[in-house]
Every structure is written in C-alpha cells, then in structure tokens.
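Undergrad: With the sequences and hints as input, model every part of the structure.
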Amino acid sequence: MRVQLAASYRLMAVAGVNDLTYNHLSARVPGEPDRYLVKGERQLFEQVTASSLLKYDLAGNKISDSADAVSRGGQVIHAGVFEARPDIQAVFHTHTTANLAVSMQKIGLLPLNQHALRVYSRTGYHRFAGFEFDFESRKDLAASLGDKLFLVMQNHGALICGRTVPEAYVEHHNFEFACRAQVAALSAGGVDQLIVPPDDVIAYATAQVEKYLTTITEHSRDWGALLAQARKLDPAFEQ
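239 is the number that my numbering gives the last residue of the sequence shown; the numbers go up by one with no jumps.
Don't take every hint at face value.
Below are the SDA-like pairs computed for lysine to any residue, each with C-alpha atoms no more than 20 Å apart in a straight line [what the hints assert, rightly or not]:
| id | residue 1 | residue 2 |
| --- | --- | --- |
| 1 | Lys148 | Phe128 |
| 2 | Lys211 | Asp199 |
| 3 | Lys211 | Gln193 |
| 4 | Lys62 | Arg72 |
| 5 | Lys211 | Ile63 |
| 6 | Lys106 | Gly16 |
| 7 | Lys62 | Gly16 |
| 8 | Lys106 | Ala207 |
| 9 | Lys55 | Pro33 |
| 10 | Lys232 | Gly16 |
| 11 | Lys139 | Gly73 |
| 12 | Lys139 | Ala129 |
| 13 | Lys232 | Gln193 |
| 14 | Lys106 | Tyr120 |
| 15 | Lys62 | Phe135 |
| 16 | Lys106 | Gln193 |
| 17 | Lys148 | Ile107 |
| 18 | Lys232 | Leu58 |
| 19 | Lys211 | Gly224 |
| 20 | Lys106 | Leu194 |
| 21 | Lys139 | Leu58 |
| 22 | Lys211 | Tyr120 |
| 23 | Lys211 | Ala129 |
Cβ-Cβ distance ranges computed for the label pairs, FRET-style [what the hints assert, rightly or not]:
| id | residue 1 | residue 2 | range |
| --- | --- | --- | --- |
| 24 | Ala59 | Thr21 | 35 to 43 Å |
| 25 | Thr21 | Asn155 | 16 to 24 Å |
| 26 | Gln229 | Leu194 | 27 to 35 Å |
None of these hints come from the bench; they were simulated from the model.
Where is the CB? At the ideal position from N, CA and C, for every residue including glycine.
TA: As structure tokens, this is what we get:
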C-alpha cells in the first residue's frame, strides 16, 4: 500500500497535478481500518517515498515517529471520508486548473465525452462553506459525497475516491481529462455551442458504466504500466 501510494504521488507530479505542498493522496492501512497513510505537509508530491508517508488515526492522532505532520484540512477531508465510507480505501484530493474551473461553474460537470460519461453518474457536489479546518465539517462533506466516488468541491477542487489506490489514480485521470475537455470546449463558446448527448444516450452510457466497469486493481490494464513508469523515472520512491 505504501509503494502504491508513493507511486501515485510521483506519477501525479509528472502529470502536472500538484499545488506546492498542498493537496493529499491517502490510503487506508490494510488490516487497520481506523488508520490511514498520507504525505506530510512539508513534502512536494515528487518528494514522497513509501517510508516518508505518515500514519494517522481517524481522530487526528499521528501514529508515525516523524517531525512532519499533515495539515488540519487534510485530516478533516481524508479522515472524514474514511470514517463515513468503510468501502473506500483511497482518497485523492487535488486542485488543478481544470477541476478548479469546473468547481466554479454553475453547470457542474457535463456529460460531454467518454471520460465525462464514465464519472458523470457517480459525481456529487459539495457547497463551499470556508476552509476545511473544522472537524465538524466532516459531516457535511460525507453527506455531499453520499454513495458517490467523485465529488466536485465547489470553489475548491475535486475529491476522487477508490476501492483501491490504482482505482483512485486511474479515475482521477478520467475525471481530470473530463474537466480539461469541458474547459477547453467552453473556451470556444457558451454551453449552447456544445454537442451534449441526448438523455437516452446518457442513460445508456450510464448503464454501460454500471455493467462493465469493475473495480480497478493492481492487476488492471493501466496500473502495471503506471508502476513501471514510476520505477523508470525514479525507483527511490519505493524506499
């Protein structure tokens, strides 16, 4: 789990998904459902290694013997999701130009292309009410997420959840591509200029997603190639 999560940080950095020392990717500790792994607040994504990941419990107590720590906002968001959703094993929260842009649009994420249709029916929305510094805000976040795997955090960014780390990474990629495509399409004109699939096609595509898309695991088609890429770039992440 540490290696998978560290690889995800490194791969995100290479893909251009980073916001200085902010944002976090986290994973529940196998066999310890009330604890999770996350990077410290003094590291960039590209600096994370398997051994540098910190262990926290859901109450905000640091278990690792490290001088580093995770921000309060990170504890609220990640521990809050793990606490509310025992089925979720990984939580990725990012700020990218594309997902920030969509989070500021009243129309939300539109079902404009295959990447968007893959996540469209599984996306919820969370109203911005200030920075996530208050542990009580966990309840509102969990309510907004409901049984979804994707959450547009309005005026803030995106939250992508997975039943595995590989799933969280791959689905973050799909969500990010959907946001980028939407922002690019809207830059050429308003919503009335877009080709939006009719409702019956959206419903059919949604049914296909529910029928054919299974949980992404370490054995799925993308993860092996991604792990090989991470090792080629810098195998030190596994240390």
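Undergrad: So which of the earlier hints does this model not fit?
TA: Violated hints (numbers, rising): 3, 5, 6, 7, 8, 13, 18, 19, 23, 24; every other hint is consistent with the structure.
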